[in-house]
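There are 2 protein chains.
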Amino acid sequence: MATSSPYQQLRDELAEIDALSGIEGLLQWDEQVMMPSGDGAASARAKASSALAGVVHAKRTASSLGELIELCGGRKVTQEKLGADATTFDVANVKRAAEGFDRASRVPPAMAKKEAELGSRGYRAWMEAKKNSDYSVFAPVLKEWVELVKERSSLINPGGDPYDTALDDYERGLTSARLDEIFAPVKAEVSALIKQVYDVEEGPVALRSVGGKSVLTGDFDAEKQAALSRQIALEMGFDLTAGRLDVSAHPFTGGADFTDVRMTTRYKSDDLSEGLTGTIHETGHALYEQGRPREYAGQPVSQAHSMGVHESQSLLWERMVALSPDFSTFLLPKLSDAFFGQFDGVTNDQLHASFNTVKKPSFIRVESDELTYPMHVILRYELEQGLIKGDVDVDALPELWNAKMEELLGHRPPDDAKGVLQDVHWSAGAIGYFPTYLLGAMYACQIYETALTKLPGLEDEIRKGEFARLREWLNKNVHALGSSFDSADALLEHVTGKPLDGEAFVKYLREKYTKLYGL
Amino acid sequence: MATSSPYQQLRDELAEIDALSGIEGLLQWDEQVMMPSGDGAASARAKASSALAGVVHAKRTASSLGELIELCGGRKVTQEKLGADATTFDVANVKRAAEGFDRASRVPPAMAKKEAELGSRGYRAWMEAKKNSDYSVFAPVLKEWVELVKERSSLINPGGDPYDTALDDYERGLTSARLDEIFAPVKAEVSALIKQVYDVEEGPVALRSVGGKSVLTGDFDAEKQAALSRQIALEMGFDLTAGRLDVSAHPFTGGADFTDVRMTTRYKSDDLSEGLTGTIHETGHALYEQGRPREYAGQPVSQAHSMGVHESQSLLWERMVALSPDFSTFLLPKLSDAFFGQFDGVTNDQLHASFNTVKKPSFIRVESDELTYPMHVILRYELEQGLIKGDVDVDALPELWNAKMEELLGHRPPDDAKGVLQDVHWSAGAIGYFPTYLLGAMYACQIYETALTKLPGLEDEIRKGEFARLREWLNKNVHALGSSFDSADALLEHVTGKPLDGEAFVKYLREKYTKLYGL
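Protein sequence lines correspond, in order, to chains A and B. Just add 48 to the spot in the first sequence (first one is 1) and you have our numbering. Just add 48 to the spot in the second sequence (first one is 1) and you have our numbering.
Bound conformation, chain A alone:
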């Protein structure tokens, strides 16, 4: 392709936007990890971020960009249109650019401004509401968000279902019809499985001889935790020449682009599990970022597929690998080395059971375990869908929340701070986001089952701490594919031979917890 072709011009424009957007990523990292604590720094940073966001928004919505996208065929782009050298990635690249342009340019500046304003007002209201467990402080903001999300959806996708449009923002091509289909068996069967597990008063089989006590609680030096976690991140394949690992109050993975991936984690001295599994979780995200297709650097097609697929990569390493019995076999000698005397007499099974003990009660999503987690997500999904469809009234939300908790998990939160007010998402208008968490867990399960069949001996390798073959397989089959697929189902079909299958996820959980709890 000649450098002056419309597609080359489009690529250049997109790469510039991506470079500026990478700076936004760095600023966010810096704010969480490095920025001085003074109010002045926070306020100056807010102005700087807002100035940069204005620049990026102007470029993302420039009519010249829209014209280039249309010249390249827009959403109806074909390989023929782009020329002889064009690949399927180039075709997907133009599609992703067209989708992104529409999403950005169909929201008028006044609405974008209102969203930003409501976001910061909403955050403050939510903080206060949660602090005092007073939902009435938050309800007015949520009402505004519900209206704004509907309005935005009607502009982005005129005539479309507003909640589906919101879902598509986080998970390309997803609809609530498809979610209902996927979540139905999970809701029905996992809820029942939780009740069965809750009925086992003696706890996990392997911990009964020690009175049910987890071997992961106690007093563990945070620096030793950090050193061990760092070592495991490196063994998993995190590339420190293309990233950093730091500590922050709220763990996340961000940075500039795949050449500079910055993840953070945190360590609690009384709980070994959180820092370790948290680091492994973030490393899963980081490996996805570092593994994105380099030959499309700066292009939309090089981005990770979606929120849900991103979460699948963190959860595959966290749950399918680190919470497996094989990983406990690998880990136990390392724990014994790092924490002298504290793991004397502990067995692999006890370590594995400690990582997998089901919480009872389980009120807080972010603290919940693999088994109760799906219920937390389904609850939010049903409620937020109801909010947008008009079936759920904002004022009725706390009671509906508590009733659903009772239905799905068997217990009611003691107050709204531990109920409807626990998550920040809705205060930022992130409606349609929660389902991606559970989708991620389900994708992870299905992708890992395929990995087990494609990579014979994988469990042996995990017992020995050999992660290279799994990482390379994930790289080839997920990371390096970027955003080249139109939907997660299409990606799943490519990787696993079938779209997402809710039943397989249920089966996995049933087998795991049946064994752990001797059901």
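There could be a bad hint or two in this list.
Where chains are identical, the list cannot tell them apart; a pair therefore holds if satisfied intra-copy or between any two copies.
Stated by the list, open to error - Within a straight-line C-alpha distance of at most 20 Å, the following computed SDA-like cross-link-like pairs (lysine to any residue) qualify:
hint	residue 1	residue 2
1	Lys124	Ser111
2	Lys129	Val139
3	Lys95	Lys563
4	Lys408	Lys560
Just so you know, the hints here were simulated from the structure itself, not pulled from any lab data.
Guided by the hints, dock chain B onto chain A, whose structure is given.
Structure of chain B alone, referenced to chain A:
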């Protein structure tokens, strides 16, 4: 002033440019201190920085900005023009904006691009030339720079003297006529003083009993050096809620703005002096940054006055304070605490003499001491002035350099790597920059002499490690004045009652070294 007044609009525009430019500062800090080491990260960062620089340049040269500046009176702004509420700072603000706009907008994009290209080509050529001590690799680049600097000067200040225009870039209002006047006594008398000191074979008086050996060389734990340096930076008044202190290969002070000032330093285990005085030097810069006038945040008038005045603040703390006998009295017990046993029997005078021993030979500017430093700068000043005026041929530079070294310091460099190729500045086209280093030292001396008369008991306070009164005086008289003066001489006159006085600086050096070396 109504929010819609042209001046308010101008302030808003300038604040946005400043916010984006603060992001550039953060990126530079990050690149030196945090960025992963991979080539990919460096290359992606170069693209991102270049994209942001393009955005900032476009805003700095926007015709709409020029029109607003003219509406406010441009370089001829008056208080009457700006309205009843306008202060002298507002007037200076418009002037500084006008100067900045002219400097940026009179350079056409093609020339700015050529400068960027020559800058990176020049850096590579200089690196190679220095590595092999081969001036012929660097000479062609320097020839290009000489022409480009002249061309740029003729555009920025048509009809003006090109070297004066280059000087003005770094030190507002400075001319070579004024520099000649200021530097003349220094050149004549300091050179003679150096020869006197060099003739004292026995070294500083206080070190004669220990065979001339510095008490600051040996083996000093780098972490203990860092902890001590940090403590001193905090005692000097560096505000960690509005800044950071990290380690980097090349110490510098940068960051986003006065709310987020990031300084770096480095420590050598065999030399206690460099890390300690380096930290104090950078803290001097940082205090200036943190002390800029907050009520003009984001405005040009809130910026530090100039390179030279910035250097005066670092050198005031480094040379006038930390290299004084009083500071050695304060420091010695701290060194004894930090480095157990290593300062047994050392006296205050020995410590002070160790900090102030004159290098012989003194080839390298950045390693040189307070006494030989002025000669290094004057040499560069005379040569670069000659290059621009056409009196010095690029090809003759190495020989002229060596001859001047012999004239001013009494010794010739062994090769060009230790001579004409030692500094990076010219490879980046920074011609007119070197004089600010010596100006900084001279400003520092004159400002500190005033401080001593205005703050009776100051030397006592320094012996006790009490720096608050000096810092506050500097804040009020220098830092908080920002760029409100049209020239450094005007600022000096405001602070010290007279413009810069070369004789006073010579007198200070003569007294100091006469005592130290028993001349």
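Hints, one by one, checked against the model:
1. Lys124 - Ser111: For Lys124 and Ser111, only the intra-copy Cα distance (18 Å) is at most 20 Å; the inter-copy one is 39 Å.
2. Lys129 - Val139: within (9 Å within a copy, 58 Å between copies)
3. Lys95 - Lys563: neither (54 Å within a copy, 53 Å between copies)
4. Lys408 - Lys560: Classified as within; 18 Å inside a copy, 76 Å across copies.
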